[in-house]
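With chain W fixed as given, assemble chain G onto it according to the hints.
Protein chains in written order, with the numbering used here: chain W, 1 to 96; chain G, 1001 to 1643.
Mixed in with the good hints, there may be bad ones.
Said to hold, decoys possible - Restricting the straight-line Cα-Cα distance to at most 25 Å, the calculated cross-link-like pairs of lysine to any residue (SDA-like) are:
hint : chain 1 : residue 1 : chain 2 : residue 2
1    : G       : Lys1288   : G       : Glu1119
2    : G       : Lys1151   : W       : Ala76
3    : G       : Lys1165   : W       : Ala76
Stated by the list, open to error - One side only, chain W facing chain G, incomplete, derived with CB under 8 Å:
hint : residue
4    : Leu51
5    : Pro54
6    : Leu58
7    : Thr65
8    : Glu88
For the record, the hints were derived by calculation from the structure and aren't laboratory data. Note that beta-carbon positions come from the ideal geometry of N, C-alpha and C, so glycine has one too.
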Amino acid sequence: MADLRGKKARLLLRLYVAGNAPNSLRAVANARAICEEHFASGHELEIVDLLEHPRRALADGIIVTPTLLKLSPLPAQRVIGNLNDTNELLVALGGK
Amino acid sequence: MLVLPQGLPRQSFSGFVRGSYELTPVRRQDGRKRAEPGGSKFELIDGPRAFGKGIPMKTQSSRAVQAKTKVLTGIQGFDEITDGGLPLGRTSLVMGGPGCGKTVFALQSLVNGAHRSKEAGLFVAFEENTRQIVANAAAFGWDLPALEKKKLFFLDARLSPEVVKAGDFDLIGMLNFLQAKAEDIHAKRIVFDGIDVLLGLLDDPVAERREIYRIRDWLTKMGLTAIITQKVAGFEADQRYSFLQFMVDCVVVLRHQVVDGSAFRNLRVMKYRGSGFSADEFPISLTKDGMELTHRGPPELKYEVTDERISSGLPRLDNMLHGGYHRASNVLISGAPGTAKSTLAGLFAAAACKRGERTLYVSFDEGADQIVRNLRSVGVRLAPHLKSGLLRMYSTRTRGPNVEEQFGDLRNQVRAHKARCLVIDPLSALSTKLAHIASADAAQQFLDFLKGEGITVVNTSLMDGLSTDEATATGISTIADTWIHVSYVVQDGERNRALTIVKSRGTGHSNQVRELELSDQGVTLTDVFIAQGKVLMGVARWEWEQQERAAKKRNQVATVLKRLQLQLAQAEAAARLQVVQTEMEARSSEISVLTHATGSASKLMATDREVLRKMRHADKEVGVARPRKAKVAAPKNGDGAAV
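Chain W extracted, bound-state conformation:
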């Protein structure tokens, strides 16, 4: 489910979603839009459906969905929610 765009994968994100739940669908849309808009130069967004990969979710300590993990660059960051709050998200991702 990896979605790779741009040449340099500067921003590495992993988004855990739960199937077609509204918050999850919204989060996927929001994540993609923000990546396009603010990190067009280089980002990698992996979307993991934890209904299909529960063990992976556990390994990452996912409690709520959707959860977005910023794996790189450091510091690692964890954002929960459907990502409607763009400002919070950008601060967390270091894009602003």
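Same frame as chain W, but now just chain G:
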């Protein structure tokens, strides 16, 4: 408003089960089953799906619902007031302030399920580190690390403080994971500990409600028996999550309160759908085995009643009671200080041990050794029974106004020793602390517990007067089956012990006052004397006894004297009889003499006449007679001369 959030779980769950198998037939079956208890609009919409049970195994448990509707928590007392524990396959809410024991309550019932029913369980911690929870619970001896390997699973569901919230979220991920885990270990029970933490993060009433309902639906679908714990600061202040209370089937409220410097923890069942329960607030205590609840027992007083009598250790007291104490009764021995209450209690303990019954002697005033020594001085020997293990002495201190824990401790002691007989010396050490309403009936509940277990208990109680405030001071005297009062009688410059039986249920008993005498020979009860309307004891009694004895002696002497007099009279009579007899004999002799005399006189006269007649021819007769006599004698001499 309710419908909106419902769209979510349906979609998401169907999304999940898409990959799994055989759900459809099972789901339909269970959906039919669950048509009736609904009630809310929400459930109607959701019915067929929400109650579907994903695992075939679960349908069995739902069938079992008909037979068994509750699961034991293993929390002493709670299972009794709810008549069987928490609702099976339903959700219960445990709410309370910090430090009330919510986590302990939840964890204990989970552990109990694993231990006793071999049911696996999940523990989801939103607030505390799971490592910490396990470590904290180590104090209770539940052996969590061993359970953790197979039967229990702890999920650390805390969100780190660094988490950024950017919009609405849901719990689908967690529930999905828990579902996999539950199926994995065949979990039957689950705990969500500190759900308020998670709800607080949502920070949106609609979302909070939606997620709670999502959890509820998920639980119902899984058929899990769940406990959700929730912190509340105060009951009025925190109405925020009140919908939780409406949603669940059972609500347990824990409360922590400090009265006059003493901490009281209380538990109250606020709601229990489809079941009767005791709605009062019950004191709880945390012992080394976990949480315990002091309850008054079933509202109906039902004990097994026995006619068996057991000895009080004092034969004359047994007589006064027409055979001794009743088995499983509670006996109160009251009296002023030094009236030998402990001695009577010790006699009872010694007698119980002699019968081979396990006995526990609880003392508050004195140490065990001191009691053993003191009792030895009046001939009651406990040491051999201590050595054999039949008797256990437990000396402790009263700990403060909150006697709940004290009684909880005693209860554990009684259970641990498997005691059949119990002595509490003195119970008043506890009952004087019963001023607080919160623990007013603690002693009574404890005695109720003993009665239920068939344990005979002898309590001593410090009481100065019988007529003063004995009943109100403790309230114990009213539930005592047998009440023996020992008082001092001060009389003629002496102080003596008088024992009376104030009451004894279900048995005739003497109304007599007895004097209790202690000596190194042992303990005895003595009759007391009543003279001129006064009870005589001690020296007065002794004097009376002396007088009695003297009177008896006098009586005896008088009898002897009388007998002697009679004997004398008899002897006199006999003597008189002898005199008369002798006289008789004398007379008869006289008579016979007289007769004889008369006879010889006439004979003489005849002879005389003969003589006279013969004398007229005297020559012939006299001449012949005389020489013949001389002739006979002469040859003798002649022979001798001739030789």
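Verification of the supplied hints:
1. A C-alpha spacing of about 23 Å is found between Lys1288/G and Glu1119/G, which places the hinted pair at or below 25 Å, so the restraint holds.
2. This hinted pair does not check out: Lys1151/G and Ala76/W have alpha carbons roughly 35 Å apart, beyond 25 Å.
3. Of the pairs offered as hints, the one joining Lys1165/G and Ala76/W holds, with about 15 Å between alpha carbons and a cut-off of 25 Å not exceeded.
4. The beta carbon of Leu51/W is positioned within 8 Å of a beta carbon in chain G (closest approach about 5 Å), and the interface hint is therefore held.
5. Hint on Pro54/W holds. Least Cβ distance to chain G is approximately 5 Å, under the 8 Å limit.
6. Interface hint status for Leu58/W: upheld, as the beta-carbon distance to the closest one in chain G is roughly 6 Å, under 8 Å.
7. Contact between Thr65/W and chain G, as hinted, is supported at the beta carbon level, the nearest pair being about 4 Å apart and thus within 8 Å.
8. Annotation: interface hint on Glu88/W holds; nearest CB of chain G at approximately 4 Å, less than 8 Å.
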